[in-house]
Amino acid sequence: AQRVTQPEKLLSVFKGAPVELKCNYSYSGSPELFWYVQYSRQRLQLLLRHISRESIKGFTADLNKGETSFHLKKPFAQEEDSAMYYCALTSGGSNYKLTFGKGTLLTVNP
Amino acid sequence: GAGVSQSPRYKVAKRGQDVALRCDPISGHVSLFWYQQALGQGPEFLTYFQNEAQLDKSGLPSDRFFAERPEGSVSTLKIQRTQQEDSAVYLCASSGRTSVYEQYFGPGTRLTVT
Numbered sequence: 002a003q004r005v006t007q008p009e010k011l012l013s014v015f016k017g018a019p020v021e022l023k024c025n026y027s028y029s030g031s032p033e034l035f036w037y038v039q040y041s042r043q044r045l046q047l048l049l050r051h052i053s054r055e056s057i058k059g060f061t062a063d064l065n066k067g068e069t070s071f072h073l074k075k076p077f078a079q080e081e082d083s084a085m086y087y088c089a090l091t092s093g094g095s096n097y098k099l100t101f102g103k104g105t106l107l108t109v110n111p
Numbered sequence: 047g048a049g050v051s052q053s054p055r056y057k058v059a060k061r062g063q064d065v066a067l068r069c070d071p072i073s074g075h076v077s078l079f080w081y082q083q084a085l086g087q088g089p090e091f092l093t094y095f096q097n098e099a100q101l102d103k104s105g106l107p108s109d110r111f112f113a114e115r116p117e118g119s120v121s122t123l124k125i126q127r128t129q130q131e132d133s134a135v136y137l138c139a140s141s142g143r144t145s146v147y148e149q150y151f152g153p154g155t156r157l158t159v160t
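Protein sequence lines correspond, in order, to chains U and W.
Just add 1 to the spot in the first sequence (first one is 1) and you have our numbering.
Just add 46 to the spot in the second sequence (first one is 1) and you have our numbering.
It is possible that part of the hints are untrue.
Residues of chain W clear of chain U, computed beta-carbon distances all greater than 12 Å [stated by the list, open to error]:
| # | residue |
| --- | --- |
| 1 | LYS57 |
| 2 | VAL58 |
| 3 | GLN63 |
| 4 | LEU67 |
| 5 | PRO89 |
| 6 | ARG110 |
| 7 | VAL120 |
| 8 | THR122 |
| 9 | GLN126 |
| 10 | THR158 |
| 11 | THR160 |
Partner residues are not named here, just some residues of chain U that face chain W (Cβ under 8 Å, in silico) [to be verified]:
| # | residue |
| --- | --- |
| 12 | GLU33 |
| 13 | SER41 |
| 14 | ARG44 |
| 15 | LEU47 |
| 16 | LEU49 |
| 17 | ASN65 |
| 18 | LYS66 |
| 19 | SER83 |
| 20 | TYR87 |
| 21 | TYR97 |
| 22 | THR100 |
Result set (DMTMM-like, lysine to aspartate or glutamate): computed pairs, CA atoms no more than 25 Å apart in a straight line [unchecked claim]:
| # | chain 1 | residue 1 | chain 2 | residue 2 |
| --- | --- | --- | --- | --- |
| 23 | U | LYS103 | W | GLU131 |
| 24 | U | LYS23 | W | GLU90 |
| 25 | W | LYS103 | W | GLU131 |
| 26 | U | LYS10 | U | GLU68 |
| 27 | U | LYS74 | W | GLU148 |
| 28 | U | LYS103 | W | ASP64 |
| 29 | U | LYS23 | U | GLU68 |
| 30 | U | LYS103 | W | GLU90 |
| 31 | W | LYS103 | W | GLU148 |
| 32 | U | LYS103 | U | GLU68 |
| 33 | U | LYS23 | U | GLU9 |
| 34 | W | LYS60 | W | GLU117 |
| 35 | U | LYS66 | U | GLU21 |
| 36 | W | LYS103 | W | ASP64 |
| 37 | U | LYS16 | U | ASP63 |
| 38 | U | LYS103 | W | GLU148 |
| 39 | U | LYS58 | W | GLU148 |
| 40 | U | LYS10 | W | GLU131 |
Rather than coming from a laboratory, the hints here were simulated on the basis of the structure.
Where a beta carbon is used, it is the ideal one built from N, C-alpha and C, also for glycine.
All chains, please: the whole structure from these sequences, using the hints.
Below is the structure:
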């Protein structure tokens, strides 16, 4: 069975500080990993996926297969980064259903 | 263009009532997903359609839950004889052929069963 664990329910940092949102997964194959974000009063949207290796809004995430982790990082947090962040995986193949973690609420204080 | 839309946005049902939740995906998107999000939890997969074919319904919690997408576009999630534990936000998402892994989510329907 596949599972995604986000150990922090809440994370609070000051503007300009580095931020890291943790994500660990369990899956026996080679999953596709994603970070989704939900800003206040907005719908859930894709932030980034590991295979694209992009940096979106200054965020990056590296897939570490040895540690089965996919932590989300940003060197200098901004107030507009305050949101709910969900890590998710899909098993690939022809079924694209997502398995989500419980989410981390990030608050960036001024 | 328009994103994924869902209706109603809020629904209050008395225990035992049947409800129907509608999802309009992005035009041309072949894949459609339903998720259930309980308070304080991440979304949990319910079912997946490719065009009109329901390819995976492994996440439906009981036989009271039924989903359809008869013409490969609009989808309806029906819950019969609602129970309190059905209270949740029901999210619909769609994805297209060229970006199969990028799911576009609707605003959700918040169902409260009293």
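Tested hints:
Listed as outside the interface, LYS57 (chain W) is consistent with that label: its C-beta sits roughly 18 Å from the nearest C-beta of chain U, beyond the 12 Å cut-off. Here VAL58 (chain W) stays apart from chain U, with its beta-carbon at least about 21 Å from theirs, past the 12 Å limit. In this structure GLN63 (chain W) is separated from chain U by more than 12 Å, as the shortest Cβ-Cβ distance comes to about 27 Å. No beta-carbon of chain U comes within 12 Å of the beta-carbon of LEU67 (chain W); the shortest separation is about 16 Å.
Distance to chain U contradicts PRO89 (chain W) as a non-interface residue, since its nearest Cβ pair spans about 5 Å, not more than 12 Å. ARG110 (chain W), annotated as away from the interface, keeps every beta carbon of chain U farther than 12 Å; the closest lies near 21 Å. Distance to chain U confirms VAL120 (chain W) as a non-interface residue, since its nearest Cβ pair spans about 18 Å, more than 12 Å. At the 12 Å boundary, the C-beta of THR122 (chain W) stays outside the reach of chain U, the nearest C-beta of that chain being 19 Å off.
Distance check for GLN126 (chain W) against chain U: the nearest CB is about 23 Å away, which clears 12 Å, and the non-interface claim stands. No beta-carbon of chain U comes within 12 Å of the beta-carbon of THR158 (chain W); the shortest separation is about 19 Å. With a closest Cβ-Cβ approach of about 25 Å to chain U, THR160 (chain W) is found to remain outside the 12 Å limit, as its non-interface label requires. Here the hint on GLU33 (chain U) is kept, as its CB sits about 6 Å from the closest CB of chain W, short of 8 Å.
The interface hint given for SER41 (chain U) is broken, as the beta carbon of that residue sits about 13 Å from the closest beta carbon of chain W, more than 8 Å. Checking ARG44 (chain U) against chain W by beta carbon gives a least distance of about 5 Å; that is within 8 Å, so the hint holds. With a least beta-carbon distance of about 5 Å to chain W, the hint placing LEU47 (chain U) at the interface is held under the 8 Å criterion. About 10 Å separates the beta-carbon of LEU49 (chain U) from the nearest beta-carbon of chain W, more than 8 Å, and the hint is not met.
Given hint, ASN65 (chain U) at the interface with chain W, is violated; its Cβ is 20 Å from that chain's nearest Cβ, farther than 8 Å. The closest approach between the C-beta of LYS66 (chain U) and any C-beta of chain W is roughly 18 Å, which is over the 8 Å cut-off, so the hint fails. Using the Cβ-Cβ criterion of 8 Å, the hint placing SER83 (chain U) at the interface with chain W is not satisfied: the shortest such distance is roughly 18 Å. A least Cβ separation of about 5 Å between TYR87 (chain U) and chain W falls short of the 8 Å threshold, and the interface hint therefore holds.
Residue-level restraint check for TYR97 (chain U) holds (minimum Cβ-Cβ distance to chain W is 6 Å; threshold 8 Å). Checking THR100 (chain U) against chain W: minimum C-beta separation of about 7 Å stays under 8 Å; hint holds. Of the supplied pair hints, the one linking LYS103 (chain U) and GLU131 (chain W) holds, its CA atoms being roughly 18 Å apart against a limit of 25 Å. Taking the CA atoms of LYS23 (chain U) and GLU90 (chain W), the gap is near 20 Å; set against the 25 Å cutoff, the hint holds.
Restraint check for LYS103 (chain W) and GLU131 (chain W): the C-alpha separation of about 19 Å stays at or below 25 Å, so the hint holds. Straight-line distance between C-alpha atoms of LYS10 (chain U) and GLU68 (chain U) comes to about 21 Å, which keeps the hinted pair within the 25 Å bound. Between the alpha carbons of LYS74 (chain U) and GLU148 (chain W) the distance comes to roughly 21 Å, so the proposed pair stays at or under 25 Å and holds. A C-alpha spacing of about 28 Å is found between LYS103 (chain U) and ASP64 (chain W), which places the hinted pair above 25 Å, so the restraint is violated.
Under the criterion of a C-alpha separation no larger than 25 Å, the hint pairing LYS23 (chain U) with GLU68 (chain U) is consistent with the structure, at around 12 Å. For a cut-off of 25 Å, the pair hint linking LYS103 (chain U) to GLU90 (chain W) stands: about 10 Å separates their Cα positions. About 20 Å separates the Cα atoms of LYS103 (chain W) and GLU148 (chain W), which keeps this hinted pair within 25 Å; it holds. Among the hinted pairs, LYS103 (chain U) with GLU68 (chain U) is consistent with the structure: their alpha-carbon atoms are about 19 Å apart, no more than 25 Å.
Note on LYS23 (chain U) and GLU9 (chain U): the hinted pairing holds, with a Cα-Cα distance of about 7 Å set against a maximum of 25 Å. With a C-alpha separation of about 31 Å, the suggested pairing of LYS60 (chain W) with GLU117 (chain W) is violated against the 25 Å cut-off. Between LYS66 (chain U) and GLU21 (chain U), the direct Cα distance comes to roughly 18 Å. Compliance with the 25 Å bound is thereby established for this hinted pair. With a CA separation close to 19 Å, the supplied pair LYS103 (chain W) and ASP64 (chain W) stays within the 25 Å bound.
Taking the CA atoms of LYS16 (chain U) and ASP63 (chain U), the gap is about 23 Å. The hint holds against a cut of 25 Å. Taken as a hint, the LYS103 (chain U) and GLU148 (chain W) pair is honoured in the structure, with Cα atoms around 19 Å apart against an allowance of 25 Å. Under the criterion of a C-alpha separation no larger than 25 Å, the hint pairing LYS58 (chain U) with GLU148 (chain W) is consistent with the structure, at around 17 Å. Among the hinted pairs, LYS10 (chain U) with GLU131 (chain W) is consistent with the structure: their alpha-carbon atoms are about 23 Å apart, no more than 25 Å.
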